[in-house]
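Novice: Sequence:
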Amino acid sequence: MRVLIAGNDDLSRLRFGKICILADADSDGAHIATLLCALFLKHFRRLVADGHIYVAMPPLYRIDIGKQVYYALDDAEKQGIIERITAEKIKGKVNVQRFKGLGEMNPAQLRETTIHPDTRRLVQLTIDDDQATDELVDRLLAKKRAADRRAWLQEQEADRY
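Under full-length UniProt numbering, residues 1 to 161 are what the sequence shown spells out, in order.
Keep in mind that the hints are not guaranteed to be accurate.
As the list claims (entries may be wrong) - Result set (PhoX-like, lysine-lysine): computed pairs, CA atoms no more than 25 angstroms apart in a straight line:
hint: 1; residue 1: Lys144; residue 2: Lys42
hint: 2; residue 1: Lys18; residue 2: Lys42
hint: 3; residue 1: Lys67; residue 2: Lys93
hint: 4; residue 1: Lys78; residue 2: Lys100
hint: 5; residue 1: Lys91; residue 2: Lys67
hint: 6; residue 1: Lys93; residue 2: Lys78
hint: 7; residue 1: Lys100; residue 2: Lys67
hint: 8; residue 1: Lys89; residue 2: Lys78
hint: 9; residue 1: Lys67; residue 2: Lys78
hint: 10; residue 1: Lys67; residue 2: Lys89
hint: 11; residue 1: Lys91; residue 2: Lys78
hint: 12; residue 1: Lys143; residue 2: Lys42
Please keep in mind that the hints were generated in silico from the structure rather than gathered at the bench.
Construct all of the structure, not just a fragment, from the sequences and the given hints.
Specialist: Now the structure itself:
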């Protein structure tokens, strides 16, 4: 990042291809990830524009049935997995574990769900429209926009259910 801090937009000397933001799967983790995304959008926009910034999507749930293990990002995905287990008549006791945070996972679980390239879920941070992106970041983080933020979050929550 030294290349960018000096104000130089030449990314040819970068020693990495991806920066992955990793935070808990709860609302506090989402807030931390949002703050980090805003940091990159404001101060390291070229990294975002060139596709180097990603947000890891750690699971909120682990579902065990027999020797099979499933991970779910949220309540809806957990419910879908349980319904699929029921529909497929998979035998065994279903055990659901809710992760309180990344620190609750053992190293193997963390590697499997968020670090290993073949099994992790990443969302690339992109800029489709500069003005719309800046407006969204302002709405989410500006102190003076608390009422707008509250209304937007309620709208998002209503659309989700």
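Novice: Taking the hints in turn, state whether each one holds.
Specialist: Okay, the hints, checked on the actual structure:
This hinted pair checks out: Lys144 and Lys42 have alpha carbons roughly 18 angstroms apart, not beyond 25 angstroms. Between Lys18 and Lys42 the alpha-carbon distance is near 18 angstroms, which keeps this suggested pair within the 25 angstroms criterion. Distance check on the hinted pair: Lys67 and Lys93 sit about 10 angstroms apart at the alpha-carbon level, within 25 angstroms; holds. Annotation: proposed proximity of Lys78 to Lys100 holds, straight-line Cα distance about 15 angstroms (limit 25 angstroms).
Restraint check for Lys91 and Lys67: the C-alpha separation of about 11 angstroms stays at or below 25 angstroms, so the hint holds. Distance check on the hinted pair: Lys93 and Lys78 sit about 15 angstroms apart at the alpha-carbon level, within 25 angstroms; holds. Restraint check for Lys100 and Lys67: the C-alpha separation of about 23 angstroms stays at or below 25 angstroms, so the hint holds. At roughly 17 angstroms between alpha-carbon atoms, Lys89 and Lys78 fall within 25 angstroms of each other, so this suggested pair holds.
At most 25 angstroms may separate the alpha-carbon atoms for a hinted pair to count; Lys67 and Lys78 meet this at roughly 17 angstroms. Between Lys67 and Lys89 the alpha-carbon distance is near 15 angstroms, which keeps this suggested pair within the 25 angstroms criterion. This hinted pair checks out: Lys91 and Lys78 have alpha carbons roughly 18 angstroms apart, not beyond 25 angstroms. Restraint check: the Cα-Cα separation between Lys143 and Lys42 comes to about 16 angstroms, which is no more than 25 angstroms; the hinted pair holds.
Every hint, counting from the list given before, is met by this structure.
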